[in-house]
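J.: What follows is the residue order along each chain.
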Amino acid sequence: MLDTAPAVRKASGRRSSGRARRRRGPRLGPYLLIAPTVAVIAILMFWPMIQIGIMSFQKVGNRQLRGEPAESVGTENFDTILNDPFFWQTLKQTVLFAVVAVTLTLLVGTLVGLLLNKLGRRMSSVVAGGVMVAWATPPVTAAIIFTWLFGTTGGVVNWTLDLLPNFLVGGGWADYNWFATPLSTYTVLTVCVVWQACPFVAVSVLAGLKSIPGELYEAARVDGSGPWRTFWSLTYPMLKPIFLVLVVMSIIWDFKVFTQLFIMSGMANRDAFNLSLYGYSEAFGSLNPKLGMGSAIALVLTVILLIVTAFYVRVMVRQGETK
Amino acid sequence: MKYIKVAAVAAAIALAATACGDDGGGEEKGASKDPAQLKVWMMGEGTTEQTKFLDAVEAEFKTKHPNTDVQIKYVPWPQVATTFQKAAAGGEGPDVTELGNTDVQSHIEQGNLADISGEFGDWADGKTLNKTALTNDQADGKTYAVPWYGGVRAVWYRTDLFQELSIQQPKTWAELTAAAKKIQDSNKADGIAVPSDQTNALLSFIWGNGGEVATKEGDKWVGKLDQPQAVEAAKYWSGLVTTEKVAPESYIGKHELQGPQRDFALGKVGMYFDGSWALKEMKKLAPKNVDKWGVFPIPSKTGGNAPVMAGGSDLAVWNDSKAKAAAFDYITVLNNAKNAKAWADYSGFSSMRSDVKFSDPKLEAFTSIASNTKFPPISAGWGEFEQAKKVLPNAIKAIMQGKSAEEEMKKANEQANTLLNAS
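Residue numbers (our numbering), protein chains in the order written: chain A, 335 to 657; chain B, 258 to 680.
It should be emphasised that the hints constitute simulated quantities derived from the structure, not laboratory data. From the three backbone atoms N, C-alpha and C, an ideal C-beta is built for every residue, glycine too. Warning: the hint list may mix true and false statements.
[To be verified] Counterexamples of contact, computed for chain A against chain B with all Cβ distances above 10 Å:
#1 I368
#2 L441
#3 R456
#4 P472
#5 L497
#6 F565
#7 M572
[What the hints assert, rightly or not] Going by beta-carbon spacing under 8 Å, a handful of chain B positions derived as facing chain A:
#8 S363
#9 Q367
#10 S453
#11 R519
#12 D520
#13 L523
#14 A637
#15 G640
#16 E641
#17 A645
#18 P650
#19 N651
[Unchecked claim] For lysine-lysine, the following BS3-like pairs were computed, each having C-alpha atoms within a straight-line distance of at most 25 Å:
#20 B/K668 to A/K426
#21 B/K343 to A/K393
#22 B/K477 to A/K393
Please put together the full structure from these sequences, using the hints given.
T.: The structure is reproduced here in structure tokens:
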């Protein structure tokens, strides 16, 4: 992966000299170019990841942070977690949320992308601008805005629902507490996360759509294909690589949602915890951090993510190859 | 090949999931006598008035240490735990710091604070400090911090509604319920705000019924939350929402600043639990309602004032400080009689000095309430019990949503037994 992309470019530009050099020995250029990036990623990401891996088998608290050697506890952290019914509850909530949110993000995002492609230039820049605002909003800001929207005093959502006729939505909305139960909390969370994530999907889909030659659509129309058929027989197969990446990234993003949930319901609502919040509350929740425990939870989350993505990627690639 | 490529992309993206932030900072330390710089950490967001007050303190401090530059850093309360963790781990701590009094024992246990027994003994003003608050700053006969200011909570109520509905100041639990019911039934406001995440007020009900969170037996903490007194208090507190229906459900899962304070200031709820410092915040929210607010003590079950949790802040010298003497000098200036008075007047918190009194008449009730204070278990594990696990708030939430009080309090008690004794 490291050498393919630059190699192609170089070959096209300076064919003769490139060929000559390749014969003489291994080409260092691409590796040198990518070295700074790899170094930064290694320091900022791989090293902490390795640390998390080590710490998950240790007891790490304040004493250890101040310099005392960390004491190895074997798999005790993992035993504690896996035997805690609370862990399974948070895991269930994490997975369910990811399934719902990823589905909705891709659905809404694709529809918005198709819409953007259909619209005229002026209208599409208006829609794209609106969509970009959602994308550009930092998660903290978005979470606070949604907490206000769904709040009890001055919350627009409750106010609107209360104004609507009772036979439509039921009554008593004025004081409805969205953050009291996990289901309603996650409803708000899903709306917030999907709102923020679908612009990226929309823009990626739009970019893909622009690259499909218009003749293909013309041919489809001549053959009498409707929009539904056109999408599944033409657009979707053409954009499959893009969808693959989008699905994988959405799964990763939605599995590790933290900021929004932390702001919306926080530490006082353990029944609405997901894995990230559980890990945070163990590791950083009080002045007595249990970093070993937190690392173990983070490791479990990472492993689950890698398995899920690897499995999904495999399935997609297999399908692509047989076709 | 294609598979490897995609897998590599996937792995790289997955790794992007973990980001880590850290900030550096210069380490400059002068001689031990008169350091070039003294780092002071204050908790909370900080305001212009507070900065002005601290500037005056610095000017006074400089008459003794002309070459020392005092640097104030405000640490917002929600970031306190992580900021101190970083300070302890990275050695980038303050010289002098304010500490929430419930965290002092954790800090002592972790060796974050300098032993200031000697300096404290030589400080004449030390004798004026509140004795109960001082015990919380000591361990094994040594002093690690000094009390600065304290705050107690009471019931804020709407004087106009009480008058209009001819409600007397409630002296027992039954009268409190009756008062809330009258307000609720008048349809002018909700009766009372009872959030699930307000341990400080809940404790007054547990204590006001003769209950305890835990007591020390030998050198072990023994949880008392499953005892009938505590269970009854939890039932009463939750029952205001569930059975009496005089408190709205909208505060389940929230604390007093996530609704109750705002709604009380705006006139949507008749009573709520908070401290003297709330007045300044509520004035900002609804300046025209100021005349409608009054305060009465949290009643105990059968009559009289319930003990209240002594919340507040203390001052300590950080153990890694290289200028401990100057740091303690700063504390003595910050907490001398003149500055203590100025601070109380600005902040609305009562000074922990016996010679400094509240002057605002609206806050007078708090002075008498403050004579009956109590501490939650003085244990390093309290931080985890209350902040990380939020054991009581989550138990109360479950009870408010229909779980059995006996069961939930029993579970909370098991947590207390484990967490309070953990080292």
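J.: Does each hint hold? Answer for all of them.
T.: Right, here's what the structure says about each hint:
1. A/I368, annotated as away from the interface, keeps every beta carbon of chain B farther than 10 Å; the closest lies near 12 Å.
2. Look at A/L441: its CB is around 21 Å from the nearest CB on chain B, clear of 10 Å, so calling it non-interface holds up.
3. The Cβ of A/R456 lies farther than 10 Å from every Cβ of chain B, with a closest approach of about 35 Å, so its non-interface assignment holds.
4. Every Cβ of chain B is farther than 10 Å from the Cβ of A/P472; the closest lies at roughly 14 Å, confirming the non-interface assignment.
5. Remark: the non-interface label on A/L497 is consistent with the geometry, its nearest Cβ contact in chain B lying 18 Å away (cut-off 10 Å).
6. In this structure A/F565 is separated from chain B by more than 10 Å, as the shortest Cβ-Cβ distance comes to about 24 Å.
7. Once the 10 Å rule is applied to beta carbons, A/M572 is consistent with being away from chain B; the minimum gap is 17 Å.
8. For B/S363, the shortest C-beta to C-beta distance to chain A is roughly 4 Å, which falls under 8 Å, so the interface hint holds.
9. Checking B/Q367 against chain A by beta carbon gives a least distance of about 4 Å; that is within 8 Å, so the hint holds.
10. Interface hint status for B/S453: upheld, as the beta-carbon distance to the closest one in chain A is roughly 7 Å, under 8 Å.
11. Here the hint on B/R519 is kept, as its CB sits about 6 Å from the closest CB of chain A, short of 8 Å.
12. Annotation: interface hint on B/D520 holds; nearest CB of chain A at approximately 5 Å, less than 8 Å.
13. A cut of 8 Å between beta carbons decides the hint on B/L523: the least distance to chain A is about 7 Å, and the hint holds.
14. Taking 8 Å as the C-beta contact cut-off toward chain A, the hint placing B/A637 at the interface holds, the least distance being around 7 Å.
15. Taken as an interface hint, B/G640 checks out: its beta carbon lies about 4 Å from the nearest beta carbon of chain A, inside 8 Å.
16. The beta carbon of B/E641 comes within 4 Å of a beta carbon in chain A, closer than 8 Å, and the hint placing it at the interface holds.
17. With a least beta-carbon distance of about 3 Å to chain A, the hint placing B/A645 at the interface is held under the 8 Å criterion.
18. Taking 8 Å as the C-beta cut-off, the interface hint given for B/P650 holds, the closest approach to chain A being about 4 Å.
19. With its C-beta approaching chain A no nearer than about 5 Å, B/N651 sits inside the 8 Å limit, and its interface hint holds.
20. Of the supplied pair hints, the one linking B/K668 and A/K426 holds, its CA atoms being roughly 22 Å apart against a limit of 25 Å.
21. At roughly 18 Å between alpha-carbon atoms, B/K343 and A/K393 fall within 25 Å of each other, so this suggested pair holds.
22. Taking the CA atoms of B/K477 and A/K393, the gap is near 23 Å; set against the 25 Å cutoff, the hint holds.
Taken one by one, the earlier hints all hold for this structure without exception.
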